[in-house]
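Q: Sequences are here, hints too, so could you generate the full structure?
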Amino acid sequence: MLWLLFILPLTSAAVIHFLLKQERAGLASKLGTLSSLVCLILGISWILGLFSIPASWSWISVGEFNANIGLIEDSLSKGMMIIVCGIGFLVHVFSLAYMEDDDAKARYFGNLSLFMFSMTGIVLAENFIMMFIFWELVGLSSYLLIGHWYKKDTAADAAKKAFLSNRIGDFGFLIGILMTSILAGSVVFTDMDGASFIGQGTLGTCLASLAVLLVFCGAIGKSAQLPLHVWLPDAMEGPTPVSALIHAATMVAAGVYMMARFFQSIGETFLTNLPALEIIAWIGAITSLVAALMATQQNDIKKILAYSTLSQLGYMVMAVGLLDPNAGMFHLYTHAWFKALLFLGSGAIIFACHHEQNIWKMGGLLKRMPITSITFIIGTLALTAVPLSSGFVSKEGILKAAAGKPLFWIALTVAALTTFYMFRLIFVAILGKAKDDHSKNAKEVEIKMFGPLVILAVLAFVSQYFTGLIPETIGNPIHSFPKVDEFFFYSLGAFAVGFVLAFLFYYNRAKDPISIPLFRNKFYIDELYAGIVKWFQDILAALVHFLDEFIINGLLVGGATRLAQGTGNIFRKYGQSGNLQHYALISGVGILLAIYFTVFA
196 MLWLLFILPL TSAAVIHFLL KQERAGLASK LGTLSSLVCL ILGISWILGL
246 FSIPASWSWI SVGEFNANIG LIEDSLSKGM MIIVCGIGFL VHVFSLAYME
296 DDDAKARYFG NLSLFMFSMT GIVLAENFIM MFIFWELVGL SSYLLIGHWY
346 KKDTAADAAK KAFLSNRIGD FGFLIGILMT SILAGSVVFT DMDGASFIGQ
396 GTLGTCLASL AVLLVFCGAI GKSAQLPLHV WLPDAMEGPT PVSALIHAAT
446 MVAAGVYMMA RFFQSIGETF LTNLPALEII AWIGAITSLV AALMATQQND
496 IKKILAYSTL SQLGYMVMAV GLLDPNAGMF HLYTHAWFKA LLFLGSGAII
546 FACHHEQNIW KMGGLLKRMP ITSITFIIGT LALTAVPLSS GFVSKEGILK
596 AAAGKPLFWI ALTVAALTTF YMFRLIFVAI LGKAKDDHSK NAKEVEIKMF
646 GPLVILAVLA FVSQYFTGLI PETIGNPIHS FPKVDEFFFY SLGAFAVGFV
696 LAFLFYYNRA KDPISIPLFR NKFYIDELYA GIVKWFQDIL AALVHFLDEF
746 IINGLLVGGA TRLAQGTGNI FRKYGQSGNL QHYALISGVG ILLAIYFTVF
796 A
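Position 556 of the sequence shown, counting from 1, maps to 751 under this note's numbering, and the rest follow consecutively.
Take the hints with a grain of salt, since some may be wrong.
[Unchecked claim] Only pairs whose alpha carbons sit at most 30 Å apart, straight line, appear in this in silico BS3-like list of lysine-lysine:
hint : residue 1 : residue 2
1    : Lys729    : Lys556
2    : Lys729    : Lys355
3    : Lys595    : Lys300
4    : Lys347    : Lys300
5    : Lys643    : Lys729
Just so you know, these hints were derived from the structure itself, not from any lab.
A: Here you go:
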């Protein structure tokens, strides 16, 4: 049954791509949605213990090196699987309405199924080699989905940017896997030797830290951490349901899941005091802070949510670096539901506003789209960690992990900024007066779109209670009800500061009273990269041109050619001129030379 959960999305993708052309797009969309529903049912059945993992298949066996095609069963894989299957199914249902009139609907649902297969492979892989193969398949399927509207230059460029950015991280990831296989003695997660991985003395610590950082490169790419974060906001060029599936809940969370799996396999006790952990924690914290600052000045509703995702992923990575991957995974679990809600909610708003995405051209949507607006506000409350919401419980776990460190104050600042930019969005786009004809004429979406929003809105407040369904739960036991302690008041204070500032600056505003170009232009990091690429490319092109024209063509190939031509010209002019006197002269000289060498030599 678990192999069926693994193979069913691949079968769906193959049937849609090869058998169901665009004229059967309706059947393709139904097949993809049915496949995701069956996967969800199988995933829930697996979590409830109705069936267990099958035996592995022997794949690679060279001496002591073994890598099988096998599946892994524990709380990490079960928790991640319910996210992939649950949100995957809701995104399919939402897409039935959102993509109804799309010219390439069959291709879209085929790529969704391919993505589901790829993510399932990452979650269930029992070893690093198998995980890396599906890691690359996720990169391929995300490229196809981001560039779904490839006739738009921005969408095509965003797809290429995502693909290339991830390849940079994956190069380091592959080297890290090879180092880990040598140091830990195996690529199979359950067979890794933590003591061997760390080794002895300073050299062992350095090698282990290097291996951890190289493996972390994969997470930097997939989970969009600095400095490879630039692809995620641009990926909003894809259809909004894709943003909900890939860039809120599953693909970007794969990096955090992979690091949690890696640390669990090595053993957290062996990783204590590794210098690499401090680097990982600070990368996560800085990414979280920088992304939150960027979000405060964005006007595109999807880009605000994109930078919010970056910020929350930084939170999770920081928890992993603080050697508390349980807290990071728990926040990943809760965040997936309410961030998928916010992305799908934004998709419903964009759909109703005739594909308008600028929040300053919205407003008054609470009256015209009450169900969508209320569910969007519920998602915002969960993201901003209102007490009793799932976001409050999981975020408190990360604050506790950072307690007593400078990272704690960064995390608290990010919490206040999250409330500020999300309620900025609420006050400008949802409340107030309509600022444009598109928002004035907006109407509530159909049930295929608001149905998933209602389900996700419920999960945004109760998902933390479902962790008990998973054996051993996701991470350490965390109280489902907020404990009234110092962290409760810290978190509540951060929410209050962000809400009050958002209210003072943005309630009933028709234009943005704050202008910070540094934040609005994303710290000019994209421009910096463009400049580096341009200068490097131009200098490299000039160098290659010089080598080609003057060295290779001018001296080597061209020089040899001219030498041959010159020699041929000399012999042609003086040796094959057609003049009898020249021929007689050459013959006479030849006879004299022959006599000389014969007689005197």
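Q: Between lysine 729 and lysine 355, is the straight-line Cα distance small enough, at 30 Å or below?
A: holds (17 Å)
Q: Does the structure keep lysine 729 and lysine 556 at a Cα separation of 30 Å or less?
A: Given pair lysine 729, lysine 556 is violated - Cα atoms ~35 Å apart, limit 30 Å.
Q: Straight-line Cα separation of lysine 347 and lysine 300 no greater than 30 Å?
A: Given pair lysine 347, lysine 300 holds - Cα atoms ~16 Å apart, limit 30 Å.
Q: Please work out if lysine 643 and lysine 729 have their alpha carbons no farther apart than 30 Å.
A: Measuring from Cα to Cα gives roughly 46 Å; hence the hint is violated.
Q: When you check the alpha-carbon spacing of lysine 595 and lysine 300, does it fall within 30 Å?
A: violated (46 Å)
Going through the hint list in order, the structure does not satisfy hints 1, 3 and 5.
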